[in-house]
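S.K.: Read top to bottom, the protein sequences are chains L and S. Numbering of the first sequence is given in numbering that gives the first Met the number 0, commencing with residue 0 and proceeding in unit increments. Numbering of the second sequence is given in numbering that gives the first Met the number 0, commencing with residue 0 and proceeding in unit increments.
Misleading hints may appear alongside valid ones.
Here chain S is said to cover these stretches of chain L; the calculated rule only asks that three of the stretch's residues, wherever they fall, bring their Cβ under 8 Å from a Cβ of chain S [what the hints assert, rightly or not]: (1) 97 to 105; (2) 123 to 133; (3) 172 to 179; (4) 198 to 204; (5) 268 to 274.
Honestly, the hints are just simulated from the structure, not real lab data. The beta-carbon is built from N, C-alpha and C at its ideal position, and this holds for glycine as well.
Protein chains: 2
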Amino acid sequence: MKFAYFSLTLLLVAMPFADASDQSTAWRRLNIDNTLLMQLESGDVVIELAPQFAPKHVRNIKALVSDGYFDGSAIIRSQDNYVVQWGDPNFDNSKARSQGNAAKEIDVEFFANPREVDFQRLESRDAYADEVGFVDGFPAASDGKQAWLAHCYGMVGVSRDVASNSGNGSGLYVVTGHAPRHLDKNVTLVGRVVKGMELLSSLSRGTGELGFFETKSEHIEIENIDLLKDSDLADTVSSLQIMRTQSDEFKQHVLKRTTRTEAWFLEPTGRIELCNVGVPSRSTKIKN
Amino acid sequence: MKFAYFSLTLLLVAMPFADASDQSTAWRRLNIDNTLLMQLESGDVVIELAPQFAPKHVRNIKALVSDGYFDGSAIIRSQDNYVVQWGDPNFDNSKARSQGNAAKEIDVEFFANPREVDFQRLESRDAYADEVGFVDGFPAASDGKQAWLAHCYGMVGVSRDVASNSGNGSGLYVVTGHAPRHLDKNVTLVGRVVKGMELLSSLSRGTGELGFFETKSEHIEIENIDLLKDSDLADTVSSLQIMRTQSDEFKQHVLKRTTRTEAWFLEPTGRIELCNVGVPSRSTKIKN
Chain L
0 MKFAYFSLTL
10 LLVAMPFADA
20 SDQSTAWRRL
30 NIDNTLLMQL
40 ESGDVVIELA
50 PQFAPKHVRN
60 IKALVSDGYF
70 DGSAIIRSQD
80 NYVVQWGDPN
90 FDNSKARSQG
100 NAAKEIDVEF
110 FANPREVDFQ
120 RLESRDAYAD
130 EVGFVDGFPA
140 ASDGKQAWLA
150 HCYGMVGVSR
160 DVASNSGNGS
170 GLYVVTGHAP
180 RHLDKNVTLV
190 GRVVKGMELL
200 SSLSRGTGEL
210 GFFETKSEHI
220 EIENIDLLKD
230 SDLADTVSSL
240 QIMRTQSDEF
250 KQHVLKRTTR
260 TEAWFLEPTG
270 RIELCNVGVP
280 SRSTKIKN
Chain S
0 MKFAYFSLTL
10 LLVAMPFADA
20 SDQSTAWRRL
30 NIDNTLLMQL
40 ESGDVVIELA
50 PQFAPKHVRN
60 IKALVSDGYF
70 DGSAIIRSQD
80 NYVVQWGDPN
90 FDNSKARSQG
100 NAAKEIDVEF
110 FANPREVDFQ
120 RLESRDAYAD
130 EVGFVDGFPA
140 ASDGKQAWLA
150 HCYGMVGVSR
160 DVASNSGNGS
170 GLYVVTGHAP
180 RHLDKNVTLV
190 GRVVKGMELL
200 SSLSRGTGEL
210 GFFETKSEHI
220 EIENIDLLKD
230 SDLADTVSSL
240 QIMRTQSDEF
250 KQHVLKRTTR
260 TEAWFLEPTG
270 RIELCNVGVP
280 SRSTKIKN
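Can you build the whole structure from these sequences, using the hints too?
M.R.: This is the structure:
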């Protein structure tokens, strides 16, 4: 049985025998209490949240989602080789969307104890951190005492202004370009897109400063964002499975990506960089 | 005078006083003998070639261009977080495009002598190479004895099959995702997109294996590719200027990107990774 590991686009092909390995410890389903489903006209985007690192932000985002804050919100920014950002589409603050009972200000949240979160170290020389690896499918970094999430492609973070408590999850972004790792420990990361990334990364770039769309007509409407457990697509999407980064299969995946033994490679590097590892996913049901 | 360094989208804003520093050694014009202009319906893409590293391939690409090989060719692949590829749009080999007098097979070309090519070393721990830096605006790596180009965002390479001489420049690709540095020293890099990158990176992703478009109707036509000196846009495009990576201004640019002293940063990393440096460009005339 062959799985396509190298591209999100390829990952979601129906795998006829995948059900047979549901009991395997190599794969896990998404936790429907900690997964968001964003519905765009172009398709669905699935975001797995990371309460291990940002519990207050995740709780607040769930409160915003539960209040319908994002329903009818918009993608307002697409900066080439950087990020796509979404949230309140109103330039006029007097028309700002209601945030219900959600907290308006939350201080940045970065750190977890690397032992408590089961940090799986990767053998890699990293430009930014002493150690890098994975925690429950999320790329992460560590100095041995603290672990934090890393800004790889597909990671989702909380937009903020200059003040460290100026974000609350009502504005979110996803990395669509080369990993801007200088943002690590500067912006709160709250999750990762595990399906539908190509719908965000291929959006036309905004022509305003920092890639913001200059007019409302360029905004891409977000039909709604639901917690997966509250979505009528819960059954379908929850058939999406993520390879456990604690598993032997994941070690094999890393080895394969490091050694590149395919005949095509003339000089396999024998090295790997955190954001080039990729975390395999698969589905038994989803057909796009 | 403020230049926008952080995004290709922002770089091309008219700079009213830029002419005044034309004589400055900090900026150089493009060499119109080594620059390609690719015209798409959506706009122009400018590619600076790197004969310092791949002289045979660059010569062959210029022969193909001169024979009109790419005129009416097509973008045939767009793989998320990886590459966009173009060349012959015919799936049927019997309809293959004429390659004129161009060589049909060229062995891979990677290396230059780091002293001969004026390798400017960057202080950075790199996952793949002992040393990294820049050569004439191109991101590069070195082991002290040999230097080679690095697969950063926007770098252009020569598609090939398993055989090391199976590419000749008639198929080309550009990196549109996180730097696939494992391709370094495995595929011949021949240049870098210095304008119009967002036209390629924002293309819809192909749904076939490896992001190939499954039908000809999905192909994006390339109206033509000309050498800049033969293009009627030569005057306009040649007003595009690239910061010299040998200059003190570039050292300042790297320092600024490393230290991140802006108030927004809570914990500036003090480190930088090769593909996050970016080479500034500016224009006195181009208005998109």
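S.K.: Each of the hints needs a verdict: does it hold here or not?
M.R.: Hints, one by one, checked against the model:
no.: 1; hint: 97 to 105; verdict: violated (count 0)
no.: 2; hint: 123 to 133; verdict: holds (count 5)
no.: 3; hint: 172 to 179; verdict: holds (count 4)
no.: 4; hint: 198 to 204; verdict: holds (count 5)
no.: 5; hint: 268 to 274; verdict: holds (count 6)
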